[in-house]
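Heads up: the sequence lines are chains A and B, in that order. Count along the first sequence from 1, add 621, and you get the number used in this note's numbering. Count along the second sequence from 1, add 135, and you get the number used in this note's numbering.
Don't read these hints as lab results, they were simulated from the structure. Careful: at least some of the hints might be erroneous.
As the list claims (entries may be wrong) - Below 30 Å or equal to it, Euclidean Cα-Cα: the simulated DSS-like pairs (lysine-lysine) are:
| no. | chain 1 | residue 1 | chain 2 | residue 2 |
| --- | --- | --- | --- | --- |
| 1 | B | K379 | B | K347 |
| 2 | B | K319 | B | K274 |
| 3 | A | K673 | A | K768 |
| 4 | A | K694 | B | K252 |
| 5 | B | K347 | B | K247 |
| 6 | B | K458 | A | K858 |
| 7 | B | K280 | B | K347 |
| 8 | B | K280 | B | K319 |
| 9 | B | K458 | B | K308 |
| 10 | A | K694 | B | K274 |
| 11 | B | K308 | B | K379 |
| 12 | B | K379 | B | K247 |
| 13 | B | K308 | A | K694 |
| 14 | B | K308 | B | K347 |
| 15 | A | K858 | B | K182 |
| 16 | B | K252 | B | K182 |
| 17 | B | K347 | B | K252 |
| 18 | B | K247 | A | K694 |
| 19 | B | K274 | B | K247 |
| 20 | B | K177 | B | K252 |
| 21 | B | K379 | B | K177 |
| 22 | A | K694 | B | K177 |
| 23 | B | K247 | B | K280 |
| 24 | A | K694 | B | K458 |
| 25 | B | K347 | B | K182 |
| 26 | B | K280 | B | K308 |
| 27 | B | K274 | A | K858 |
| 28 | B | K308 | B | K274 |
| 29 | B | K319 | B | K177 |
| 30 | B | K308 | B | K319 |
| 31 | A | K858 | A | K694 |
| 32 | B | K379 | A | K858 |
| 33 | A | K858 | B | K177 |
Since the model is a prediction, treat every value here as computed from it, not as a measurement.
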Amino acid sequence: MFGYYIKLAAHSLRRNPGITSLMVLAVALGIAVCVVTLTVHHGMSSNPLWWKNDRVYAVTLDSWDPEQPADDKHPDLPPPQLTWRDAEAVTASGIPQHAVRMFKGYGVISNDGDGGGVRPENSIVRVTSADFFDLFDVPFRYGGGWKAAADAAPEPVAVLSSETNERFFGGANSVGRTIRWNDRVYRIVGVLGEWHPAPTFYDLNNGAFQDPEAMYVPIGWAPSLELESAGNTNCWKPESIDSFAGFLASECIWIQVWVELPDAAARTRMQAWLDSYVAGERRSGRFQRPDNNRLTPIDEWLRINEVVRDDNRMLVALAFAFLAVCLINTVGLLLAKFLGRAAITGVRRALGASRRQVFLQHLAEAGMIAAVGAVLGVALSALGLHALRVMYASPREGFTGLMHVNAWSLGVAVAIAVGAALAAGLYPAWRIGRIAPSVYLKSQ
Amino acid sequence: MITQDIRPILSALLRNRTGAVLVALQVAIALAVLVNAVYIVKQRVDKIGRPTGVDIGNIIVIDTIGFGAGYDHMATVRDDLGWLRSQPGVRAATVVSQIPLSGSGSSNRLFKTPEAKGEGVPMNYFLLDDSGVDALGVKLAAGRKFRQEEILPEDPTFNQPVPSMIVTRALAKSLFGTDNAIGKVAYDALGRPVTVTGVIEHMQGSWVDWDKLDHVGLLPRQPSGPNATYLVRTEAGRRNAISKLAEEHLSASNARRVVQHVRPLDYYRNRSYQSDRNIAIFLVAVTALLACVTALGIFALATFNVNVRTRQIGTRRAVGARKVDVVRYFMVENWLITTGGVLLGAALALGVGYSLSRAYELPRLDLYYLVGGVVALWALGQAAAWQPARRAARIAPSVATRTV
Chain A
622 MFGYYIKLAA
632 HSLRRNPGIT
642 SLMVLAVALG
652 IAVCVVTLTV
662 HHGMSSNPLW
672 WKNDRVYAVT
682 LDSWDPEQPA
692 DDKHPDLPPP
702 QLTWRDAEAV
712 TASGIPQHAV
722 RMFKGYGVIS
732 NDGDGGGVRP
742 ENSIVRVTSA
752 DFFDLFDVPF
762 RYGGGWKAAA
772 DAAPEPVAVL
782 SSETNERFFG
792 GANSVGRTIR
802 WNDRVYRIVG
812 VLGEWHPAPT
822 FYDLNNGAFQ
832 DPEAMYVPIG
842 WAPSLELESA
852 GNTNCWKPES
862 IDSFAGFLAS
872 ECIWIQVWVE
882 LPDAAARTRM
892 QAWLDSYVAG
902 ERRSGRFQRP
912 DNNRLTPIDE
922 WLRINEVVRD
932 DNRMLVALAF
942 AFLAVCLINT
952 VGLLLAKFLG
962 RAAITGVRRA
972 LGASRRQVFL
982 QHLAEAGMIA
992 AVGAVLGVAL
1002 SALGLHALRV
1012 MYASPREGFT
1022 GLMHVNAWSL
1032 GVAVAIAVGA
1042 ALAAGLYPAW
1052 RIGRIAPSVY
1062 LKSQ
Chain B
136 MITQDIRPIL
146 SALLRNRTGA
156 VLVALQVAIA
166 LAVLVNAVYI
176 VKQRVDKIGR
186 PTGVDIGNII
196 VIDTIGFGAG
206 YDHMATVRDD
216 LGWLRSQPGV
226 RAATVVSQIP
236 LSGSGSSNRL
246 FKTPEAKGEG
256 VPMNYFLLDD
266 SGVDALGVKL
276 AAGRKFRQEE
286 ILPEDPTFNQ
296 PVPSMIVTRA
306 LAKSLFGTDN
316 AIGKVAYDAL
326 GRPVTVTGVI
336 EHMQGSWVDW
346 DKLDHVGLLP
356 RQPSGPNATY
366 LVRTEAGRRN
376 AISKLAEEHL
386 SASNARRVVQ
396 HVRPLDYYRN
406 RSYQSDRNIA
416 IFLVAVTALL
426 ACVTALGIFA
436 LATFNVNVRT
446 RQIGTRRAVG
456 ARKVDVVRYF
466 MVENWLITTG
476 GVLLGAALAL
486 GVGYSLSRAY
496 ELPRLDLYYL
506 VGGVVALWAL
516 GQAAAWQPAR
526 RAARIAPSVA
536 TRTV
């Protein structure tokens, strides 16, 4: 029976090639525009560490100016980073399973004489604690991270990104060899596998779609080498800072802190620790704003940092408005077409076809349009995403990397197509099913 | 005449309204999207087109960094600037702390009194040397440029006072309530005075999304190493040739230094506006597609109606209707449908505009856009119905007498 309906539908669609192709094109365009915007939106809002969303938290404390909030537009939020001293205290609290304090540094990476004649390059380097790799489940190709002891009394050890390893060592196992950063020698202890979290949730200060750092070195080097941040440093307090030690003791915020708390009990203990720490600091004259000590899971962190921009949401809404017009268009055309051939349907009804059968026959036609439209729509969305990649031709792989048709996009396309078939087909098929055969038989 | 036409058309429409309602709905959504999209695109285009105040088309940005113990920052900067300034076609060159319009910058707050009361006025500042004004190509409105002896040495603590500054008119107005600011004194957060020695007409700072983009101050200080960023302003048409020359020379002249990028300043501006530009392109593309789909829908439905009504049209023609009457019937019918859609669409457009202005802090939708959109959709509807109406008019009266 179903096969017969499909045959009927195909026959009917072939009868008006112009209108059929218009309907298919409308459905395809509607699907394509939705898939393009939803794919980008989904990629932007996705949590690259979703399996740890209930364990990993960003730590923020409101150490800002008593007179005004850190961000005028979001007065309820504490500043996104911590002072050096607060970051040090939080990571030393001993409560989290893993705790990381870190910032982006910069400087020239060059080979240490045994890497061939590779041109030195200014690079962003993450200056971080040993726990970074375990906390964020960073994959290693060779070797591993450094021991916590290498943070305290800083050891000249480094972990390379796979790109940096490719560049300086041709992708070979470089563990045990050395590399220079700002002309100082570091011993390589690990090389990362492919790791391109997008968004780069762990540091959103300079945009959410940055390339991951070229190299990782122990946080302990910051005081001894007087490393400055290549990210944001924000200060509110008029302080006379005349040395790096003075900067480290200042109210300037520039350090990101993340903790891994395996269960609710650990979370409660951590929160209590933060509250009591801030209360203690308040007694010595700091933290004059109301308590706002937060442990923020990654999903929430992406939301409050507005990784998905208002513009992206607007485009998704626009895409659905467009889809709606395409579907209304198809409904109108299907209806006109079905009613135009009501006489034939009348004959079928008179010959014994039930309402249900007539309804299903016509729904099959709408379904075919949606199916062909979906296939064409996926092809068009691949084209559209390619166009977006060209428009955003940016060195930031993290962002253009989102612009590919993936399994998720295909799922969306199928879902929209099914929805479209039902939305566009139900009403016309129902209308035509209700036709009284006698009316049309008479007019013959 | 027209009103006589409308009544029978309207009653015919109302009797068979589903198709008309669907077209009207499309028109309504199309109007709401069109009006708001055009409005948003206009704002983005205006934003991108704002004057920068600098000689944007003729400035090269050279971004370098030194490394290692053997790197002498002061000597390198002196040598580089000496070489750059000696090149024919170079009008001026300066070392600068950050690149205007790049999204990366520094700011602090200035106060009217030494006690640093209130919120202060934010200033996006650039450290540069005595060639800074010429290298940016900004227009001096009053006062003077920096003198060579005024340029302070590098300050690794970022905290040393600067006694003089050049400000934009906009910053002068915010600080002193007047742009006649030469000799006036402002104070930093620690109460240290800084005197205005020059006022420039206009200059955009670092962050294109900042509402105080034109609150720019130039400070006479050598930026600290090991980064050295140069702005080189060339004579018209020489930018690309000098870029190439500079990249070759600077890459080879010092082994302790890496030349990261040699790019036109335009590159940074375009990069900063990338998402605004792409949103505008996307909106235009989808809106154009939407207009096409709507027009095709109107066209297809009108064609269908003509086909279905072939016999009625033939009958009308047979009883004396002229071709022009048939054309008018379909055009008026279309106009009625479009008008219904437009009325609904106007309400929808205002609603969407209102919620956009609430959610995204946009200015409220300008009503001229709505009027323009209504006219555009009327025209679109009439254009789409024109060919089917003409086809209807060609139906011969004899059709009426044939049976099927």
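Against the structure, the hints come out as follows:
Only pairs whose Cα atoms come within 30 Å are accepted, and B/K379 paired with B/K347 is rejected, the gap being roughly 35 Å. Distance hint between B/K319 and B/K274 is fulfilled; the C-alpha atoms sit about 20 Å from each other, no more than 30 Å. Under the criterion of a C-alpha separation no larger than 30 Å, the hint pairing A/K673 with A/K768 is consistent with the structure, at around 23 Å. The suggested pairing of A/K694 with B/K252 holds, with an alpha-carbon distance near 22 Å, which does not exceed 30 Å.
The hinted pair formed by B/K347 and B/K247 meets the criterion: a straight-line CA distance of about 18 Å does not exceed 30 Å. Between B/K458 and A/K858, the direct Cα distance comes to roughly 83 Å. Violation of the 30 Å bound is thereby established for this hinted pair. Taking the CA atoms of B/K280 and B/K347, the gap is about 23 Å. The hint holds against a cut of 30 Å. Distance hint between B/K280 and B/K319 is fulfilled; the C-alpha atoms sit about 16 Å from each other, no more than 30 Å.
For a cut-off of 30 Å, the pair hint linking B/K458 to B/K308 is broken: about 69 Å separates their Cα positions. Of the supplied pair hints, the one linking A/K694 and B/K274 is violated, its CA atoms being roughly 34 Å apart against a limit of 30 Å. Note on B/K308 and B/K379: the hinted pairing is violated, with a Cα-Cα distance of about 41 Å set against a maximum of 30 Å. Restraint check for B/K379 and B/K247: the C-alpha separation of about 46 Å exceeds 30 Å, so the hint is violated.
Restraint check for B/K308 and A/K694: the C-alpha separation of about 24 Å stays at or below 30 Å, so the hint holds. Distance restraint check for B/K308 and B/K347: the Cα-Cα separation of roughly 12 Å lies within the 30 Å cut-off, and the hinted pair is therefore satisfied. For the given pair, A/K858 sits about 33 Å from B/K182 by alpha-carbon distance, which is inconsistent with the 30 Å threshold. The straight-line distance between the Cα atoms of B/K252 and B/K182 is roughly 33 Å, outside the 30 Å bound, and the hint therefore fails.
Distance hint between B/K347 and B/K252 is fulfilled; the C-alpha atoms sit about 20 Å from each other, no more than 30 Å. Annotation: proposed proximity of B/K247 to A/K694 holds, straight-line Cα distance about 25 Å (limit 30 Å). As the CA atoms of B/K274 and B/K247 are separated by approximately 25 Å, the hinted pair is consistent with the 30 Å bound. Only pairs whose Cα atoms come within 30 Å are accepted, and B/K177 paired with B/K252 is rejected, the gap being roughly 40 Å.
At most 30 Å may separate the alpha-carbon atoms for a hinted pair to count; B/K379 and B/K177 exceed this at roughly 37 Å. Taken as a hint, the A/K694 and B/K177 pair is honoured in the structure, with Cα atoms around 25 Å apart against an allowance of 30 Å. This hinted pair checks out: B/K247 and B/K280 have alpha carbons roughly 23 Å apart, not beyond 30 Å. Distance restraint check for A/K694 and B/K458: the Cα-Cα separation of roughly 64 Å exceeds the 30 Å cut-off, and the hinted pair is therefore not satisfied.
Our distance criterion of 30 Å between C-alpha atoms is met by B/K347 and B/K182, whose separation comes to about 13 Å. About 19 Å separates the Cα atoms of B/K280 and B/K308, which keeps this hinted pair within 30 Å; it holds. The suggested pairing of B/K274 with A/K858 is violated, with an alpha-carbon distance near 34 Å, which exceeds 30 Å. Taking the CA atoms of B/K308 and B/K274, the gap is near 17 Å; set against the 30 Å cutoff, the hint holds.
A threshold of 30 Å between alpha carbons decides the hint, and for B/K319 with B/K177 the separation of about 39 Å lies outside it, so the pair is violated. For a cut-off of 30 Å, the pair hint linking B/K308 to B/K319 stands: about 12 Å separates their Cα positions. This hinted pair checks out: A/K858 and A/K694 have alpha carbons roughly 20 Å apart, not beyond 30 Å. Proximity of B/K379 to A/K858 is assessed by CA-CA distance (about 45 Å); at most 30 Å being required, the pair is judged violated.
Distance restraint check for A/K858 and B/K177: the Cα-Cα separation of roughly 41 Å exceeds the 30 Å cut-off, and the hinted pair is therefore not satisfied.
Violation of the numbered hints given earlier is confined to hints 1, 6, 9, 10, 11, 12, 15, 16, 20, 21, 24, 27, 29, 32 and 33; the remaining hints are satisfied by the structure.
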